[in-house]
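Enquirer: Chains A and B, in that order, are what the protein sequence lines are.
Everything in the first sequence is counted per numbering that gives the first Met the number 0, starting at 0 for the first residue and increasing by one.
Everything in the second sequence is counted per numbering that gives the first Met the number 0, starting at 0 for the first residue and increasing by one.
Keep in mind that a hint or two might mislead.
No copy is singled out in the list; a pair is fine if it fits within one copy or between any two copies.
[As the list claims (entries may be wrong)] Only pairs whose alpha carbons sit at most 20 Å apart, straight line, appear in this in silico EDC-like list of lysine to aspartate or glutamate:
| no. | residue 1 | residue 2 |
| --- | --- | --- |
| 1 | 323 | 183 |
| 2 | 332 | 122 |
| 3 | 363 | 376 |
| 4 | 332 | 413 |
| 5 | 24 | 288 |
| 6 | 396 | 50 |
| 7 | 357 | 92 |
Simulated from the structure, these hints should not be mistaken for lab results.
Protein chains: 2
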Amino acid sequence: MTNALRLGIAGLGTVGVGVVRIIRKHAHLLEARTGRRIEIVAVSARDAGKDRGVPLGDYAWETDPVALARRDDIDVFVELMGGAEGAAKDAVEAALQGGKDVVTANKAMLAHHGQDLALLAEEAGRQIRYEAAVAGGIPVIKALTEGLAGNEITRVMGVMNGTCNYILTRMEATGQGYNALFKEASDLGYLEADPNLDVGGIDAGHKLAILASIAFGTQVNFDGVELEGIQRITLEDIRQAADMGYRVKLLGVAQRSPRGLVQRMQPCLVPAHSPLGQLEGGTNMVVIEGDAIDQLVLRGPGAGEGPTASAVLGDICDLARGVKLPVFGQPAKTLEAAQPAQTGLPAPYYLRMSLLDKPGALAKIAKILGDAGVSIDRMRQYGHTNGAAPVLFVTHKTTRASLDVALEAMATTDVIASEPVALRIEHV
Amino acid sequence: MTNALRLGIAGLGTVGVGVVRIIRKHAHLLEARTGRRIEIVAVSARDAGKDRGVPLGDYAWETDPVALARRDDIDVFVELMGGAEGAAKDAVEAALQGGKDVVTANKAMLAHHGQDLALLAEEAGRQIRYEAAVAGGIPVIKALTEGLAGNEITRVMGVMNGTCNYILTRMEATGQGYNALFKEASDLGYLEADPNLDVGGIDAGHKLAILASIAFGTQVNFDGVELEGIQRITLEDIRQAADMGYRVKLLGVAQRSPRGLVQRMQPCLVPAHSPLGQLEGGTNMVVIEGDAIDQLVLRGPGAGEGPTASAVLGDICDLARGVKLPVFGQPAKTLEAAQPAQTGLPAPYYLRMSLLDKPGALAKIAKILGDAGVSIDRMRQYGHTNGAAPVLFVTHKTTRASLDVALEAMATTDVIASEPVALRIEHV
Chain A
0 MTNALRLGIA GLGTVGVGVV RIIRKHAHLL EARTGRRIEI VAVSARDAGK DRGVPLGDYA
60 WETDPVALAR RDDIDVFVEL MGGAEGAAKD AVEAALQGGK DVVTANKAML AHHGQDLALL
120 AEEAGRQIRY EAAVAGGIPV IKALTEGLAG NEITRVMGVM NGTCNYILTR MEATGQGYNA
180 LFKEASDLGY LEADPNLDVG GIDAGHKLAI LASIAFGTQV NFDGVELEGI QRITLEDIRQ
240 AADMGYRVKL LGVAQRSPRG LVQRMQPCLV PAHSPLGQLE GGTNMVVIEG DAIDQLVLRG
300 PGAGEGPTAS AVLGDICDLA RGVKLPVFGQ PAKTLEAAQP AQTGLPAPYY LRMSLLDKPG
360 ALAKIAKILG DAGVSIDRMR QYGHTNGAAP VLFVTHKTTR ASLDVALEAM ATTDVIASEP
420 VALRIEHV
Chain B
0 MTNALRLGIA GLGTVGVGVV RIIRKHAHLL EARTGRRIEI VAVSARDAGK DRGVPLGDYA
60 WETDPVALAR RDDIDVFVEL MGGAEGAAKD AVEAALQGGK DVVTANKAML AHHGQDLALL
120 AEEAGRQIRY EAAVAGGIPV IKALTEGLAG NEITRVMGVM NGTCNYILTR MEATGQGYNA
180 LFKEASDLGY LEADPNLDVG GIDAGHKLAI LASIAFGTQV NFDGVELEGI QRITLEDIRQ
240 AADMGYRVKL LGVAQRSPRG LVQRMQPCLV PAHSPLGQLE GGTNMVVIEG DAIDQLVLRG
300 PGAGEGPTAS AVLGDICDLA RGVKLPVFGQ PAKTLEAAQP AQTGLPAPYY LRMSLLDKPG
360 ALAKIAKILG DAGVSIDRMR QYGHTNGAAP VLFVTHKTTR ASLDVALEAM ATTDVIASEP
420 VALRIEHV
């Protein structure tokens, strides 16, 4: 009777409302571009009574997202609830089993269950699309899976948690410390309910694991991501980095090494004049390097109603146009199990510590570094306070393993006032 | 007998050879990603005997690209010859009429004949894909047509001629003038056979016209692009701009205005700290603004064997995967005829001229500007040479039409030593 693409939308938070709003506002534009009407049939959310600022009366209401996913009158199940487990995953599985395509923004679910869901979808001949799961409005999944399909991808990097970048760049701009800016971000509603998802690097790590799967033809392996948050970054780190021509970013890097797949999400120093170094506030950036393209840089809003809904709509339009793709760029059954690299490629490191005011303290540390094979490029000691002195080293290229040997040895001395901070200096 | 996607490639210059090289090198990768073998069946180029550094002996050779396009044993005709008219267009038409899909890097052909070719393709149920025609390796056609399909696009901007950006940024870096850098670019092989295609802004204008069509749902209208090259930019302009916090870029801008579609490709001043302002050398950048995404910035290599071949392969992989899209994002028969705006939106302008050393010269110019309704924000006169003094104005926001009235009036005075240079200051 109709050629419309019929949607069921589960989750009416910021993103869900944004999707409804675009579909209502741009009905004609979307039909002109896809050749089909995009029609919302039914929706689902926790609270049916809440005023969400968009009229929802035309749509059937399901209290249970699984029931929504099983409706016979939808073609596409749009999952915008979030959460790695539980209702979101149950509903996505029900949708795929029931012959529906899925559009989702759920990075946690894909990072933890992407391989199983992709197998399920591909056996059922269905699609899972998830542009909104990585880097908000930036169409990076499309660029990597489709636009760069002719490349062997050599490295993927990204600043993909806007809240962390907001905190780090505001520390530099305002001269306030981490705790004050964490509170500011919290007051502004920028933090997840569990803030460790943001500042602990977990959310960004989910995104990196998804990109790595597409880039390297490996099964998503979030457990293989070396994770470190921004909680220990001080204003002093940011200032010392700036003084040496760097900026501190929570940077994700995925690349193949002779030892296996490297996936790191950790605060790094990047050159201040590189595109990544210049990134301000909540904006995201993904850098993709391939053997033919050399380097592609994508920059855009990483969150928010409009940008995330834009990504969801891109996927919906693809489905309306009949685009069919393997979930992770090649069939899930052909993806290799990722072999996580035990240790990453060598790099210079920034090393900050506080040394107690004892004779020979610096000599002890210097000897420990030397014994571990870590050679020092620059050293700086900058003023005593309370019987301890902050000391800064920049090392020559070394492996994290060598550095860890040195850090362990330092911990057994009696000259360290607090646990040292070690930040990789990434050439981008 | 086979599920391979069979290609005929016309044109074995840098890009054609790059495409052959990737298909040979990444045969397995491409098959894993698309589910089909990508097979070159036949090729065509002017000189069959030339050693191009890749083995071509496995492929049938056609001297006539139209004959290649008509072969029964190809699925896709890959046109990499270039030229708006003649053999390239004849062969593309023959391919479409014969039921083949087309992949092309030919911006001139699409800028001049895109609408007719799209109508032809869509009537025949065939695809024309042209990612490589705009901004080299950057998958901008895909981002605009697919990734941002849920947006009403509000503005598209781009630095899309690497040679011009190379000349302008090298002028600043080396302190050499335009002519010296033009020669350097020529010696390095960066210039088209007709250099006016580059430095006159024509090549970049072709690209802008293509992007505008997709962005605004209008028929490609290259004649509607207001074109100005970089030939009159002096080192002094670049230095004065830098002194005020700007950089000079050959910038394309397309947007809807109340008066119609604005398409401008001209040297502009952009803020030095904006992503466009920071762009160095031959790199390209496209900025897309939409009502949901806000702003997306794409940065990558705009030319060269690898990047351009990467874009061609992206299109080929899409065809292998069965992706079908209207050529300009919505069916060609639904595209509106563009109504070119007679005059662009108001902006501040940078205005450089040389005034003869006559009493009252400056007063005359100031009066002319005032009479035309152009008000002055800043003025600077910086030293006489040979009886004339360079004078610089920065105006408040004004229309180009008002400025043109003033420029015409200035030309009738006896105080101007040479034709003034007027550069728009673009807020990006």
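Enquirer: None of the hints should be skipped; say for each whether it holds.
Expert: Okay, the hints, checked on the actual structure:
no.: 1; hint: 323 to 183; in the structure: neither (43 Å within a copy, 47 Å between copies)
no.: 2; hint: 332 to 122; in the structure: within (10 Å within a copy, 38 Å between copies)
no.: 3; hint: 363 to 376; in the structure: within (17 Å within a copy, 63 Å between copies)
no.: 4; hint: 332 to 413; in the structure: neither (53 Å within a copy, 79 Å between copies)
no.: 5; hint: 24 to 288; in the structure: between (37 Å within a copy, 17 Å between copies)
no.: 6; hint: 396 to 50; in the structure: neither (56 Å within a copy, 43 Å between copies)
no.: 7; hint: 357 to 92; in the structure: neither (62 Å within a copy, 83 Å between copies)
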